[in-house]
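Residue numbers (the working numbering), protein chains in the order written: chain A, 2 to 382; chain B, 14 to 102.
Worth flagging that the hints you see were computed from the coordinates, not collected in a lab.
By construction, the Cβ of each residue, glycine as well, lies at the ideal position given by its N, Cα and C atoms.
Be careful, since some hints might not be right.
Stated by the list, open to error - Simulated crosslink set (DSS-like; lysine-lysine; CA at most 25 Å straight-line):
1) Lys127(A) to Lys40(B)
2) Lys316(A) to Lys66(B)
3) Lys297(A) to Lys316(A)
4) Lys268(A) to Lys40(B)
5) Lys66(B) to Lys268(A)
Unchecked claim - From the derived model, a few chain A residues whose C-beta atoms are all more than 10 Å from chain B:
6) Lys16
7) His204
8) Arg219
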Amino acid sequence: MKYITEFRDGKLARKLARAIEREADPGRRYHLMEFCGGHTHAIFRYGVQDLVPENVQFVHGPGCPVCVLPVRRLDDAVELALGHDVILTTYGDMMRVPGTKQKSLIRAKAEGADIRMVYSTQDALKIARDNPDRQVVFFAIGFETTTPPTAVAILQARHEGLTNFSVFCNHVLTPPAIAHIVNAPAEPGETPVRIDGFLGPSHVSSVIGWAPYEPAARDFQKPVVIAGFEPLDVMQSALMLIRQINEGRHEVENQYTRVVTRDGNRKAQTLVAEVMEVRDAFEWRGLGTVPESALKIRAAYETFDAESRFALTPKQSREVKSCECPAILRGVKKPTECRLFGTVCTPENPMGACMVSSEGACAAYWTYGRKRGEAVRETAA
Amino acid sequence: MCLAIPARVISLESGDMAIVALEGIKKPVSTALLEEVTVGDYVLVHVGYALHKLSEEEAERTLQLMAEAGVLAEELEEMAGTSLEGAER
Ligand code: SF4
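So here's chain A without its partners, still in its complex pose:
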C-alpha cells in the first residue's frame, strides 16, 4: 500500500510545483496556514509539502472540530450521559476523544451510559420519536458546515412538538478563530507562530460565503484564499497566496469557485440565525477563550437547549498530561515534538483529540508522516 497517493494529474501538479518554485522569492519565507483539518489531511496524503520549495511552509491550523472542543465540554457530555440518564447521541468522531482522567464517551458507554453514534441529526430525531419516555440529547460539534443540520433538527423538533429532544450546542465559528490566531499574544515562553497567509476552508465557506473573511484579511493584512480539498486545489491556492504576498496584497480570493460564492448558502444562514446566536466568548482547546467565536441556542428555543434543561455541575477538567495538542492547534509545535507521539499515543490508543480525528495533525503525521521520505521519492519519480 502506498502511503501517499499519487496525483492523478501528475503533469499539472509538476507544473504548479514549478510555478511555485519560480514565483516564490528565495530571499523570503512564506508561512501559509491551512486552517482546515481536511487540508492538513490532503497535504500529508499527497506529500504536498515536499513538492514546494523549502521556504514555503504549511502551518497546520485548528480547523478540526473534535480537536478544538475543550475537555470541559466533553466532560459535560459525559456527565449528561452518566448523570442525567439521557440518551446521548453524537457523531462518531467524538466517541474516542479522551476527557479528564482519559474518560471518553466510549468508556462512559462501557460503564452503562446510553450513548449512540449517529450519522445525521435526522437519526437523533428518530431516536427521540422512538423513545418518548426518554430524554434524548444531541451532542453537537463542528464548524459552520455542520451547524445548519443542527438548526434544522431543532426547528423540526419544535414543528413536531417533540418534548424530549434537546441539543448540547458546541458549534464554533471560523472567521473569529482566524482573527484570534493572528492577533493573540503568544503564550509565555512560546515564540508566536508566523503566518503570512491563510488557506481558507472550502465547505465552511460554501455555507458562509467568502465575505466574512474580509475584515480579518484587511485588519491584519493577511491574504486569504478559499481552497478546495483536492491537492491540486491546495497547490493552486498556495500559488495564489504567494502572488498576493509578493505583490503586498491582502485580499480574500476564492480558488474554489466550483462551490463557494461570496454570499454562501443564504437559506442555511437564515435557518441558523433563527435558532442560534453568537456567544460572548467560547473556550477552544489551544486557543483559549475567543470572543464571539461560537453559537448558542436562542432563548426562544430554550426548551431545546440541553444547557438550560439540565443542570451541569462545574468541574475541574484536565487534559491528559504531556499531550501537546493545545500547542499543536496554535501552530507552534509539531506532533513529533510531543513525547507521547507514536509511543504511548497512537490512533488505536489516542491520548489526545488530535490523534483521534483523521483531520487532526497528530493522526495525519502518524498515518502519512512516518513514511514520507520514501513515498515522496516514489511520487516524484
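For chain A, the structure is supplied; the task is to place chain B with the ligand on it using the hints.
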C-alpha cells in the same frame, strides 16, 4: 467530518427529504438547506443533509478524486453503516 460527498437525487419524499443514490447505496437525506431540488440533481451531502447542488461533471470528478485518495470508501461506509434504519444499534 467536514467532508461532503456527491450523490444523485432519485426521488423526493415528504418533509423536506429525498432519497439519494451513490455506488448502489440508497439513503434518505434532508433537503431542508436547499432552495429547490429536483430528481436527477447532484447534491453534496454532509452529515445527512444536501448542502449544495453540483453539476454532473463536477460530481463525477469529485467522486473520482475521493476514490483515488482512498477517502470514498470511508465515507460510503459511514453513510451506509448508519442509515436511518440502523440508528437504533
Ligand atoms: S501525539 Fe497524542 S498526546 Fe501527543 S499531542 Fe498528539 S494527541 Fe496529544
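- Message: Check the structure against each numbered hint from earlier and tell me which ones fail, lowest number first.
- Response: Structure breaks hints 2, 7.
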